[in-house]
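Between the sequences and the hints, there should be enough to build the whole structure, so can you do that?
Number of protein chains: 4
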Amino acid sequence: MKDLTRDDLTAVIQPRPQESHKGTFGRAVLVGGNATYGGAIIMSTEAAVRTGTGLVSVITAKHNHSALHARLPEAMVLDWTLTRAVSELLGTATVLLIGPGLGLDSHSQQLLQLVLQQQTSTQWLVIDGSAISLFAQSDSHLNYPEHIVFTPHQMEWQRLSGLKLTHQTIDNNQAAQKKLGATIVLKSHRTEIYTTNEQYRNPLGTPAMATGGMGDTLAGMITGFLAQFPDKEAAICAAVYLHSQIGEELGKKRYVVLPTEISQQIPRFMKLAENINKKTKGK
Amino acid sequence: MKDLTRDDLTAVIQPRPQESHKGTFGRAVLVGGNATYGGAIIMSTEAAVRTGTGLVSVITAKHNHSALHARLPEAMVLDWTLTRAVSELLGTATVLLIGPGLGLDSHSQQLLQLVLQQQTSTQWLVIDGSAISLFAQSDSHLNYPEHIVFTPHQMEWQRLSGLKLTHQTIDNNQAAQKKLGATIVLKSHRTEIYTTNEQYRNPLGTPAMATGGMGDTLAGMITGFLAQFPDKEAAICAAVYLHSQIGEELGKKRYVVLPTEISQQIPRFMKLAENINKKTKGK
Amino acid sequence: MKDLTRDDLTAVIQPRPQESHKGTFGRAVLVGGNATYGGAIIMSTEAAVRTGTGLVSVITAKHNHSALHARLPEAMVLDWTLTRAVSELLGTATVLLIGPGLGLDSHSQQLLQLVLQQQTSTQWLVIDGSAISLFAQSDSHLNYPEHIVFTPHQMEWQRLSGLKLTHQTIDNNQAAQKKLGATIVLKSHRTEIYTTNEQYRNPLGTPAMATGGMGDTLAGMITGFLAQFPDKEAAICAAVYLHSQIGEELGKKRYVVLPTEISQQIPRFMKLAENINKKTKGK
Amino acid sequence: MKDLTRDDLTAVIQPRPQESHKGTFGRAVLVGGNATYGGAIIMSTEAAVRTGTGLVSVITAKHNHSALHARLPEAMVLDWTLTRAVSELLGTATVLLIGPGLGLDSHSQQLLQLVLQQQTSTQWLVIDGSAISLFAQSDSHLNYPEHIVFTPHQMEWQRLSGLKLTHQTIDNNQAAQKKLGATIVLKSHRTEIYTTNEQYRNPLGTPAMATGGMGDTLAGMITGFLAQFPDKEAAICAAVYLHSQIGEELGKKRYVVLPTEISQQIPRFMKLAENINKKTKGK
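Protein chains in written order, with the UniProt record's numbering: chain B, 1 to 283; chain X, 1 to 283; chain U, 1 to 283; chain C, 1 to 283.
Where hints are given, some of them may not hold.
It does not matter which identical chain is used: a pair holds within one copy or between any two.
[Said to hold, decoys possible] In silico DSBU-like cross-links for lysine-lysine, where the CA-CA straight-line distance does not exceed 30 angstroms:
#1 Lys252 <-> Lys279
#2 Lys164 <-> Lys2
#3 Lys279 <-> Lys178
#4 Lys281 <-> Lys164
#5 Lys278 <-> Lys232
#6 Lys232 <-> Lys164
#7 Lys252 <-> Lys278
#8 Lys179 <-> Lys279
The set of hints was computed from the structure by calculation and includes no laboratory data.
Right, here's the structure in full:
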C-alpha cells in the first residue's frame with residue numbers, strides 16, 4: 001500500500017492547453033438529491049464546478065433547482081422525473097456521478113439502473129452514497145467496471161463487499177475489489193484506494209472534516225478530476241489527496257471545516273499545485 | 001451564582017479524537033420554522049452546523065427548504081407535515097431542538113407533543129421560543145426533564161414558571177427550576193443558567209446583539225454543543241459564553257451584530273478555545 | 001437650507017443602553033414586493049435589518065419569501081394576501097414602510113389604504129416608490145401627517161405635489177410640504193429634506209450610486225433609524241447622510257456601487273459614527 | 001485586424017457625470033433562462049448589473065425568479081409567459097439581450113421573433129447563445145442590423161454564417177458579417193470582433209476561463225456597456241477586453257475562474273480603468 005504524497009497531486013495538475021474551450025475539460029452529469037437530501041447533490045456540484053469541469057449538469061428533484069441556482073448558476077439542472085430528457089442528457093456526459101442524496105426508494109433505483117445500462121465504453125462513472133446501497137441490494141451488472149469508481153464509507157463498503165467492518169483488511173478489501181473490477185475509494189479518517197493494480201492510503205485528513213457532506217464534496221471532486229485529466233487512476237488519487245489537503249489547511253484556523261468551504265478553496269489549491277508542476281518540469 | 005469565565009469555554013472544547021467520523025459528533029434534529037418564521041429555524045441550523053455537529057436534519061415547513069439549502073446545503077430537510085417520516089427521523093437523533101419559528105397553532109402543538117412523547121432516555125432536548133409558550137399552555141409531562149433545556153427570554157419564562165418579571169429573582173427562578181427539573185437558560189442582557197445543582201451568570205454580551213434571531217442562534221449553538229461534548233451542563237454553559245464572546249468581539253467593529261454573523265465565526269472561535277485547552281493541558 | 005454634515009450623523013448614533021433587548025430598538029413592518037419587483041423590498045429589508053432595527057417583518061408576495069430568507073433569515077415574512085394577518089401585524093409595528101416594489105394595481109392600492117387607515121398616533125410611516133404614485137392618484141387622507149415621511153424622486157414628487165420638474169424650487173417644494181404636513185425626502189443627486197420647520201440638503205453622493213435599488217435601500221435605512229432613535233427629524237437626516245457617506249466611500253474603489261453593498265457596510269459605518277459620538281461627549 | 005489594447009478599455013470608461021440618475025445609464029432588458037438553463041440568464045444579469053446599467057429587467061421562466069433574487073435583488077423579473085407584459089417591457093429598453101439559457105423550443109423561437117419584430121430604431125440588441133441557433137434556423141429579418149450584436153462561439157457562427165470551422169478565416173468571416181450587417185463577436189480563446197468597418201482581435205484570455213457560463217457573462221457585460229457608453233463599437237470592444245482582463249488577473253491565483261467571480265470584480269476593474277482615463281485626460 002502506497003502512501004499518497006504531494007507529488008501525486010502536482011503530477012496531475014497540468015497547465016491547461018492555451019488553445020482550449022470548455023469542451024476540452026469534459027462534461028459531467030450528476031444524479032442525486034431527493035426532497036430531503038438535496039444539499040448533498042448541491043455540495044457535489046459545487047466541487048465538480050470548482051475543480052474546473054467544462055460543463056456540469058445536475059439531474060435532481062425539481063425541488064432543489066432553485067437553491068442550486070441561487071448558490072451556483074454555473075451548473076445546469078434537469079428535473080429527474082423527465083425520463084426521456086434524463087436519458088438524453090446522460091448520453092452527453094464524459095463523466096457521470098450518481099448517488100449523493102439520491103435516496104433509497106424505487107425511483108432512485110430506477111435512476112441507478114438507467115445510468116448503469118446507459119454507461120458507454122468511454123464514460124467514467126462514480127457511484128457514491130445511497131447509490132452504493134441501492135447497487136448492493138440489486139443484482140445489477142456493471143458493463144464497464146474498469147471505468148467505475150465506488151466511493152463507500154465503511155458501512156457502505158460492508159453492504160457492497162459483504163465484508164463486516166472488522167474484516168475490512170487490506171487483503172480482504174483487495175479481494176473484494178478484484179471481484180467487482182471497479183476502483184474503490186474506501187473513505188475513513190485515512191482513506192484507502194483500491195484499484196486492480198495498486199493500493200493507496202491517504203495520509204492526510206483532520207477530524208475537523210468529520211461533518212455531514214464531506215463525502216459528497218469528495219465525490220464531486222473525483223468527478224471533476226476524471227472529467228479533465230487523462231490518467232484516471234492518478235486523477236482519483238489526486239482528488240482524494242487535494243480534498244484532505246484543503247481540509248487540513250483550513251482546519252488550522254477552524255474547529256470544524258464545512259464541505260462547502262473546501263469547495264471554495266479548490267481553484268486556489270489547484271493553482272498552487274500547478275505552479276509546483278511547472279517548476280518540477282522546468283528542472 | 002457563579003460567573004462564567006473563559007475557562008468554562010476552553011475546558012469544554014477538547015481536541016477532536018483523530019479516529020473519528022461524523023457519527024462521533026452527534027446527530028441533531030431541529031424542529032421549527034413555519035411559513036412566517038422560517039428564518040428562525042434557518043438561523044438555528046446554521047449555528048448547529050457550524051459548531052461541528054456531525055449531522056443536522058431540519059423538520060420544517062416545505063416552504064423553507066429552498067432558502068435553507070441555498071444558504072447551507074450541509075443540512076438535511078424534511079417536510080414537517082409528513083408525520084411518519086418525522087417520527088422516524090426524531091428517533092435517530094442524539095439531540096433534539098424544537099421551537100425556533102415553530103409558531104403557536106395546533107400543528108405546532110402536535111409537533112411539540114410528538115417530540116415530548118418520543119424523547120428517549122438518551123436524547124437531549126432543547127425547548128426554545130414558541131415551543132416554550134406552547135408547553136406552558138399545555139398540560140404536558142416531561143419524560144426526561146434531566147435531559148431537557150429550556151431557553152426562555154423573560155416573558156417566556158413568565159409563561160413557563162408563572163413568575164412575573166418583577167418576581168424573577170434568583171431564588172424564585174431556582175425554585176421554579178426545581179419544580180420543572182429541567183435546565184433553564186434564562187436569556188437577558190446577562191443570561192442566567194439554572195440547573196438542579198448550580199446557578200451561572202454570563203458576564204458577557206453587548207447591546208449590539210439585541211436584534212431578532214439572536215436567541216435562535218444561541219439555541220442552535222447549545223444543540224450543537226450537546227451533540228458533541230460529554231459533560232452536558234458544561235456544554236450548555238460553554239455555548240452561552242461563546243455566543244456572547246463572539247458577539248462582543250464583532251461588536252467592536254459593528255454597531256449591530258447579526259445572528260448569522262455570529263454563526264459564521266463559530267469555527268474560528270472554537271479553534272482559539274481548543275488551542276487554549278491544549279496549552280492548559282500541556283502544562 | 002442647511003447642508004447636512006457629519007455631525008448630523010454622529011449626534012444621532014448614540015451608544016446603545018447596556019440593559020436593552022431587541023424590543024428596545026423597535027419593530028419595523030415593511031410592505032412591498034410584487035411578483036416583478038420583489039428585489040426592491042428585499043433591498044429595503046436588508047437596510048432596515050442592518051441599521052439595527054430590533055425586529056423586521058415583511059409583508060410581501062409569497063413568491064418573494066424564499067429569496068428573502070435565502071439572503072436574510074433575520075427578517076420575518078407574511079404573505080400579503082392574508083388580509084387579517086396583515087392587519088394584525090401592522091398593529092404591532094413601531095415604524096411602517098410601504099412602497100418598495102409594491103406595484104400599481106388594485107391590490108397594491110388596497111394595501112396602501114389599509115396602512116393609511118390603520119396607522120396609529122404613535123407609529124411612524126415611510127411612504128416610498130409606487131406607494132407615492134398610488135397615494136397621488138387616490139384621494140386618501142393622512143391621519144398623522146406629522147408622523148409620515150415621503151421619499152419621492154423628482155418624478156414621484158411631481159405626481160405628489162403637482163409641481164413639474166422645472167417648478168421644483170425650494171420655495172415651491174416647501175409650500176407643497178406645508179400642504180401635505182409630512183416630511184419630504186426629495187431624492188436627487190443632492191437629496192433635499194423638507195420638514196415643517198426646516199430644510200436640509202445632502203452634500204454627499206456619487207454617480208456611482210445611480211443604479212436601480214438605491215432608493216429602496218435608503219427607504220429601509222430611514223425606517224431603521226426611525227425605529228431606534230428618539231429624535232425623528234434628526235434620524236431621517238442621519239439616514240440620508242449615512243447612505244451617501246457609505247456610497248462615496250465604496251465609490252472610491254468601484255465604478256458602480258450596488259445598493260446591497262451599501263447595506264452590508266451599515267453596521268461598520270454606524271460604529272465609526274458612534275465612536276465619534278462618544279469622543280465628542282467625552283470632551 | 002487590430003489587436004485590442006488597454007487603451008481600448010480606458011478610453012471608454014469615462015467618469016460619470018455628476019448630475020446623473022439611474023436613467024442616465026440605460027435600461028437593459030434580458031431575455032432567457034428556461035427550466036434547465038436558468039443559470040445562464042442569472043450570470044448575464046449579474047454581469048449587466050455590475051457594469052453599472054441603470055436598470056436591469058429579466059424576462060425568464062418563473063422557475064428562475066427566486067434564485068435570481070436570492071443572488072441579486074437589484075434586478076427585476078418578469079414571467080416570460082405573460083406575453084402582453086413582456087411586449088410592454090421590451091418597449092422600455094435601451095438595450096436588449098436575448099439568448100442565454102433561452103433553449104430551442106417553440107416558445108423560445110416566439111420570444112426571439114417578438115424581440116426581432118419589436119426592436120426599435122434606437123434600441124441595441126445583443127443576440128447570444130441559443131438565440132443565435134434559433135435565428136439561423138428561422139428565416140427572420142433583422143430590422144436594424146446596424147444595432148445588432150451577435151456573440152457566437154465557433155459552432156454557433158457556423159450555423160449563423162454557414163461557414164464550417166475550417167473555413168472561418170478572417171476574410172470569410174468578414175464577408176459573412178457584411179451579409180448580416182450586424183456586429184459579430186466571435187468567441188474563441190482569442191475572440192475576434194467583426195464590424196462593418198473594422199476587425200479586432202482580443203489578445204487576452206486564459207484557459208482558466210474555459211468553463212460553462214463564461215459566454216453568458218460576456219453577453220451581459222456587452223449589454224451593460226451598450227446601455228451606458230455612447231460609442232457603441234468602442235463599448236463592445238471594451239467589454240470584450242475587460243472580460244478577459246479580469247479573467248487573466250483572477251487566473252493568476254486560481255486554476256479555474258468562475259464566470260460569477262468575473263462579474264464580482266467588474267466594478268473594481270472599471271474604476272481602475274476610469275482612473276487611467278482621468279490621468280490620460282489630465283495630460
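To see whether the hints hold, each was checked on the structure:
| no. | hint | in the structure |
| --- | --- | --- |
| 1 | Lys252 <-> Lys279 | both (27 angstroms within a copy, 15 angstroms between copies) |
| 2 | Lys164 <-> Lys2 | within (24 angstroms within a copy, 50 angstroms between copies) |
| 3 | Lys279 <-> Lys178 | neither (38 angstroms within a copy, 48 angstroms between copies) |
| 4 | Lys281 <-> Lys164 | neither (45 angstroms within a copy, 38 angstroms between copies) |
| 5 | Lys278 <-> Lys232 | within (20 angstroms within a copy, 42 angstroms between copies) |
| 6 | Lys232 <-> Lys164 | within (29 angstroms within a copy, 33 angstroms between copies) |
| 7 | Lys252 <-> Lys278 | both (27 angstroms within a copy, 14 angstroms between copies) |
| 8 | Lys179 <-> Lys279 | neither (41 angstroms within a copy, 50 angstroms between copies) |
Checked against the numbered hints above, the structure violates hints 3, 4, 8; every other hint is satisfied.
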